[in-house]
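Taken in sequence, the protein lines are chains B and C.
In case it helps, the numbering used here puts the first sequence at residues 1 to 129.
In case it helps, the numbering used here puts the second sequence at residues 1 to 129.
Careful: at least some of the hints might be erroneous.
Said to hold, decoys possible - Listed below are the simulated SDA-like cross-link pairs for lysine to any residue, each with C-alpha atoms no more than 20 Å apart in a straight line:
(1) C:K97 x B:R71
(2) C:K48 x B:S7
(3) B:K51 x C:S7
(4) B:K48 x B:R78
(5) B:K97 x C:V73
(6) C:K97 x B:G28
(7) C:K97 x B:S7
(8) B:K97 x C:P74
(9) B:K51 x C:K51
(10) C:K51 x B:V60
(11) B:K97 x C:D79
(12) B:K97 x C:A75
(13) B:K48 x C:P74
(14) C:K97 x B:W67
(15) C:K51 x B:A11
(16) B:K97 x C:K51
(17) C:K97 x B:D79
(18) C:K97 x B:K51
(19) C:K97 x B:V60
(20) C:K48 x B:A11
(21) B:K97 x C:R78
(22) B:K51 x C:A14
Said to hold, decoys possible - The calculated label-pair distances, taken between Cβ atoms and stated as ranges, are:
(23) C:D108 x B:M41: 44 to 54 Å
(24) C:A45 x B:R89: 48 to 58 Å
(25) C:T17 x B:G57: 31 to 41 Å
(26) C:V60 x B:Q86: 13 to 23 Å
To be verified - Stretch by stretch, here's where chain C covers chain B in the computed footprint (C-beta under 8 Å, at least three residues):
(27) 13 to 21
(28) 68 to 82
Hints listed in this document are in silico derivations from the structure and should not be mistaken for laboratory results.
Positions of the beta carbon are idealized from the N, C-alpha and C atoms, including for glycine.
There are 2 protein chains.
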Amino acid sequence: MTADELSSVFAALADPTRRAILARLAQGEASVNELAAPFAMTLQAVSKHLKVLERAGLIVRGRDAQWRPCRLVPAPLRDVAAWAEQYRRLWEQRYDKLDDYLRELEEDGDEQADRDHPVGPGDRVDEGV
Amino acid sequence: MTADELSSVFAALADPTRRAILARLAQGEASVNELAAPFAMTLQAVSKHLKVLERAGLIVRGRDAQWRPCRLVPAPLRDVAAWAEQYRRLWEQRYDKLDDYLRELEEDGDEQADRDHPVGPGDRVDEGV
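When you get a sec, could you build the whole thing from the sequences and use the hints?
Structure follows, in structure tokens:
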């Protein structure tokens, strides 16, 4: 997928109605009429959204002029996931930092508890209540 | 993240220069001047892109008027990955179908090989060359 293709996929996804159409098509193929029904939109408006999705390679449409069912093409969504996954290290670092902080808080708490109820190496420590 | 917030993240990502800016910021924070250098763009053009990224919550900028370093905020990218991952089942189904097909081809090939060089249960089979 070229940079321009990825750009047109992201542009196509930058609309809640188009994302809702993809969610519907994930359940199975549907005609323009079936897609228009839940959105209370004109067929013209839905057709415009479908053209954007089709140009981005996110859907294909049947050849039959009467029925022309729309079908989701998942490959560009896999590319979107892979693109975002490049940054996983960064968002996990944030969680690591939060984890470190929580662990520090916990350890401070433990030290406090140790001072309150010191336990020697020979002491039996009950797990549970 | 609301549907509108996700839309503005996708819209911000629908541009190769903005994605390149994010890739640069994944290496560490940078000033507008540092970001402009590799793109042979005016500071004005880069500033426009930064505003789009900032409004989408993908970057934050320092308060110091002289330096104002830009820093990547990875959380929206995690949301993009999670959104796309909803469709993993669909793109893996495609691969499963391809796997099934390749396995069938392979099994047909094995059957052919068995007919050419039958191996009994007691035969020693050399692994490797």
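> If you draw a straight line from the CA of K51 of chain C to the CA of V60 of chain B, is it 20 Å or shorter?
Replying inline: This hinted pair is violated, its Cα atoms lying about 35 Å apart.
> Are K48 of chain C and S7 of chain B close enough, with their CA atoms no more than 20 Å apart?
Replying inline: At roughly 17 Å apart (the allowed maximum being 20 Å), S7 of chain B and K48 of chain C satisfy the hint.
> Given the hint that K97 of chain B pairs with A75 of chain C, does the C-alpha gap stay at or below 20 Å?
Replying inline: Roughly 14 Å separates the two Cα atoms, so the pair holds.
>> Given the hinted pair K51 of chain B and S7 of chain C, is their Cα-Cα distance within 20 Å?
In response: 18 Å, holds
> Keeping to a limit of 20 Å between CA atoms, is the pair of K48 of chain C and A11 of chain B held or broken?
Replying inline: 18 Å, holds
> Taking 20 Å as the top limit, are the C-alpha atoms of K97 of chain B and P74 of chain C close enough?
Replying inline: At roughly 14 Å apart (the allowed maximum being 20 Å), P74 of chain C and K97 of chain B satisfy the hint.
>> K48 of chain B and P74 of chain C were given as a pair; does the straight-line alpha-carbon distance stay at or below 20 Å?
In response: The given pair, whose Cα atoms are some 32 Å apart, is violated under the 20 Å limit.
> Does the Cβ pair V60 of chain C, Q86 of chain B satisfy 13 to 23 Å?
Replying inline: The hint (13 to 23 Å, Cβ to Cβ) holds, given that V60 of chain C and Q86 of chain B are roughly 20 Å apart.
>> So if I understand the rule, the pair passes when the alpha-carbon distance is 20 Å or less; does K97 of chain B with D79 of chain C pass?
In response: 19 Å, holds
> Is it true that the CA of K51 of chain C sits at most 20 Å from the CA of A11 of chain B?
Replying inline: The hint holds at about 17 Å.
> Within 20 Å, alpha carbon to alpha carbon, are K48 of chain B and R78 of chain B?
Replying inline: Violated, at roughly 24 Å.
> Regarding the pair K97 of chain B and K51 of chain C, is the alpha-carbon distance no greater than 20 Å?
Replying inline: Violated: K97 of chain B and K51 of chain C sit about 28 Å apart, past 20 Å.
Taken one by one, the earlier hints fail for this structure at numbers 4, 7, 9, 10, 13, 14, 16, 18, 24, 25, listed in ascending order.
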